[in-house]
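Student: Listed below are the residues making up each chain.
Number of protein chains: 2
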Amino acid sequence: MAKRVTGPEIEKLIQLLAKVPGLGPRSARRAALHLIKKRDQLMGPLSGAMQDAYDKVKICSTCGNVDTADPCTICTDPTRDQSLVIVVEDVGDLWALERAAALNAAYHVLGGTLSPLDGIGPDDLTIAALVDRVKTGEVKELIIAVNATVEGQATAHYITDQLEGMDIKVTRLAHGVPVGGELDYLDEGTLVAALRSRTSL
Amino acid sequence: MAKRVTGPEIEKLIQLLAKVPGLGPRSARRAALHLIKKRDQLMGPLSGAMQDAYDKVKICSTCGNVDTADPCTICTDPTRDQSLVIVVEDVGDLWALERAAALNAAYHVLGGTLSPLDGIGPDDLTIAALVDRVKTGEVKELIIAVNATVEGQATAHYITDQLEGMDIKVTRLAHGVPVGGELDYLDEGTLVAALRSRTSL
Numbered sequence: 001m002a003k004r005v006t007g008p009e010i011e012k013l014i015q016l017l018a019k020v021p022g023l024g025p026r027s028a029r030r031a032a033l034h035l036i037k038k039r040d041q042l043m044g045p046l047s048g049a050m051q052d053a054y055d056k057v058k059i060c061s062t063c064g065n066v067d068t069a070d071p072c073t074i075c076t077d078p079t080r081d082q083s084l085v086i087v088v089e090d091v092g093d094l095w096a097l098e099r100a101a102a103l104n105a106a107y108h109v110l111g112g113t114l115s116p117l118d119g120i121g122p123d124d125l126t127i128a129a130l131v132d133r134v135k136t137g138e139v140k141e142l143i144i145a146v147n148a149t150v151e152g153q154a155t156a157h158y159i160t161d162q163l164e165g166m167d168i169k170v171t172r173l174a175h176g177v178p179v180g181g182e183l184d185y186l187d188e189g190t191l192v193a194a195l196r197s198r199t200s201l
Numbered sequence: 001m002a003k004r005v006t007g008p009e010i011e012k013l014i015q016l017l018a019k020v021p022g023l024g025p026r027s028a029r030r031a032a033l034h035l036i037k038k039r040d041q042l043m044g045p046l047s048g049a050m051q052d053a054y055d056k057v058k059i060c061s062t063c064g065n066v067d068t069a070d071p072c073t074i075c076t077d078p079t080r081d082q083s084l085v086i087v088v089e090d091v092g093d094l095w096a097l098e099r100a101a102a103l104n105a106a107y108h109v110l111g112g113t114l115s116p117l118d119g120i121g122p123d124d125l126t127i128a129a130l131v132d133r134v135k136t137g138e139v140k141e142l143i144i145a146v147n148a149t150v151e152g153q154a155t156a157h158y159i160t161d162q163l164e165g166m167d168i169k170v171t172r173l174a175h176g177v178p179v180g181g182e183l184d185y186l187d188e189g190t191l192v193a194a195l196r197s198r199t200s201l
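Quick note, the sequences are listed as chains D and A, same order. Each residue of the first sequence is one higher than the one before, starting from 1 at the first, in UniProt numbering. Each residue of the second sequence is one higher than the one before, starting from 1 at the first, in UniProt numbering.
Among the clues, some could well be false.
Copies of the same chain are indistinguishable here, so a pair counts whether it falls within one copy or spans any two.
Below, simulated DSBU-like cross-link-like pairs (lysine-lysine); rule was C-alpha separation at most 30 Å, straight line [said to hold, decoys possible]:
{"#": "1", "residue 1": "K169", "residue 2": "K140"}
{"#": "2", "residue 1": "K37", "residue 2": "K12"}
{"#": "3", "residue 1": "K58", "residue 2": "K135"}
{"#": "4", "residue 1": "K58", "residue 2": "K37"}
{"#": "5", "residue 1": "K58", "residue 2": "K3"}
{"#": "6", "residue 1": "K3", "residue 2": "K37"}
{"#": "7", "residue 1": "K135", "residue 2": "K169"}
{"#": "8", "residue 1": "K3", "residue 2": "K135"}
{"#": "9", "residue 1": "K19", "residue 2": "K140"}
{"#": "10", "residue 1": "K12", "residue 2": "K140"}
The set of hints was computed from the structure by calculation and includes no laboratory data.
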C-alpha cells in the first residue's frame with residue numbers, strides 16, 4: 001500500500017499470512033479481514049491452535065511423521081501392521097496416502113530425494129535409519145512410494161541397493177493410467193508402462 | 001482422514017486453517033505442513049502476530065476502519081484531506097481504494113448495504129454516524145464508492161436523501177469501461193454508461 005492505512009500489528013499479520021502457501025499478498029489481506037471479522041469464532045482459536053502446535057510439534061524419531069507425540073500416532077497404533085512400511089519422500093505424501101486409506105501400514109519419511117545437483121546425498125535423508133529399522137527384523141515388506149521422477153527413482157534404486165542381502169520384500173507403486181484419466185492426455189511413458197503392466201479382465 | 005495420522009493439536013490447526021478464506025481442507029493441510037517446516041521462521045512469528053492483532057484490533061469509532069488505534073491511522077493522518085470522505089461498504093473496499101492511491105482522503109465504512117430481504121436496514125449501517133460527521137461541517141465532499149449493485153445504488157440514494165439540504169457536495173464513482181477491459185466481454189449496462197459519459201479526446 002502507498003500509505004499506512006492500518007496499525008503495524010495488522011500490517012505484520014498480513015505480511016506473514018502472505019507467506020502461507022495458498023495465500024498471496026491480496027488474499028492475505030482478505031484473510032486478515034476475515035479473521036478480524038470473525039475475531040472470537042476464528043482468529044482467537046486459530047491463534048491459540050497455532051501457538052499450541054508450535055509448542056508441541058515433534059518429528060517422530062522412528063518414521064519422521066509430524067506429530068505432537070514421539071513415537072507418533074501411526075507408530076504407536078496397535079491396529080496397524082507395523083511390519084508393512086511405506087517409504088515416502090515427505091510428510092505430505094504420507095498424509096495423501098492415508099487419505100486413500102488403502103493399507104493399514106506404517107511409514108518411513110525420507111525427508112526428500114537424492115539430488116546430487118542440489119547437494120542432497122544419502123546422509124541428508126533418513127536412509128540409514130530405514131536400514132536400521134529393517135535390520136531389527138520387524139519389517140517384512142517395504143513399499144517404495146517415492147514420486148515417479150528421476151530423483152525419486154534414483155532414490156528407490158539406492159535404497160534397494162542398501163537392503164541387498166537382507167530378508168525383506170521390496171516393492172514399488174504400480175505405474176499406469178490414473179483412475180478417471182483420459183489416455184489422450186497421458187504422456188508416452190505412462191502409456192508404455194500401462195500397456196506393459198496390463199492385467200487380465 | 002480415515003484414521004488419525006497426527007496429534008490432535010495439529011489436526012485442530014488444519015481444521016481452523018481450512019476456515020481461512022483462500023484455503024480449503026487440502027490447502028490447509030499443505031499450509032500446516034509448511035508452517036511446521038518453517039516452525040521458527042514463520043509459524044512462531046505468525047502465531048505471535050495473530051495473537052497480537054487479536055488482542056489489539058479495534059474498529060475506528062470515526063470511520064469504521066480496522067486498526068489497532070482508535071481513531072485510526074487514516075483519521076489521525078495530518079497529511080490527508082479530512083474534508084474529503086470516501087464512503088465504502090466495507091474495510092476491504094477501503095484498502096482496495098488505498099492501493100490505487102488516487103486520492104489522499106478520509107473514509108467512512110458503512111458496514112454493508114441496505115438489503116430489506118436480508119433484514120439489513122439503515123440502523124444496521126453507520127449511516128447516522130455519517131450524517132453526524134457531515135453535520136460537524138468539517139466534511140466538504142462525500143464520494144459514494146459503494147459497489148455498482150442494486151443494493152449499493154439503493155444505499156447511495158438513501159444516503160443522498162439523508163443529506164438533503166446540507167451544505168455538502170456528494171459524488172459517486174464513474175461508471176465505464178474498466179482499464180484494460182475488452183468491450184466484447186462487457187455487459188450492455190456498462191457500455192451504455194460508458195457511451196453516455198464519453199469524454200472528449
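Student: Each of the hints needs a verdict: does it hold here or not?
Tutor: Here is how each hint holds up against the structure:
Proximity of K169 and K140 under a CA criterion of 30 Å is satisfied intra-copy only: 6 Å inside one chain copy versus 82 Å between copies. With identical chains, the CA atoms of K37 and K12 are at most 30 Å apart both within one copy (17 Å) and between copies (20 Å). When the C-alpha separation of K58 and K135 is checked against a cutoff of 30 Å, the pair qualifies only within one copy, where the shortest distance is 25 Å, while the shortest distance between copies is 60 Å. For a Cα distance limit of 30 Å, the shortest separation of K58 from K37 across copies, 11 Å, qualifies, whereas the shortest one inside one copy, 32 Å, does not.
Proximity of K58 and K3 under a CA criterion of 30 Å is satisfied inter-copy only: 19 Å between copies versus 41 Å inside one chain copy. Proximity of K3 to K37 under the C-alpha cut-off of 30 Å is restricted to the intra-copy arrangement: shortest distance 23 Å within a copy versus 33 Å between copies. Taking CA atoms no more than 30 Å apart as the test, K135 paired with K169 passes inside one copy only; the shortest distance there is 13 Å, against 83 Å between copies. In this assembly of identical chains, K3 and K135 lie within 30 Å of each other by CA distance solely across copies; the values are 28 Å between and 63 Å within a copy.
Taking CA atoms no more than 30 Å apart as the test, K19 paired with K140 passes in neither setting, with 42 Å inside one copy and 41 Å between copies. With identical chains, the CA atoms of K12 and K140 are never at most 30 Å apart, being 51 Å at best within one copy and 34 Å at best between copies.
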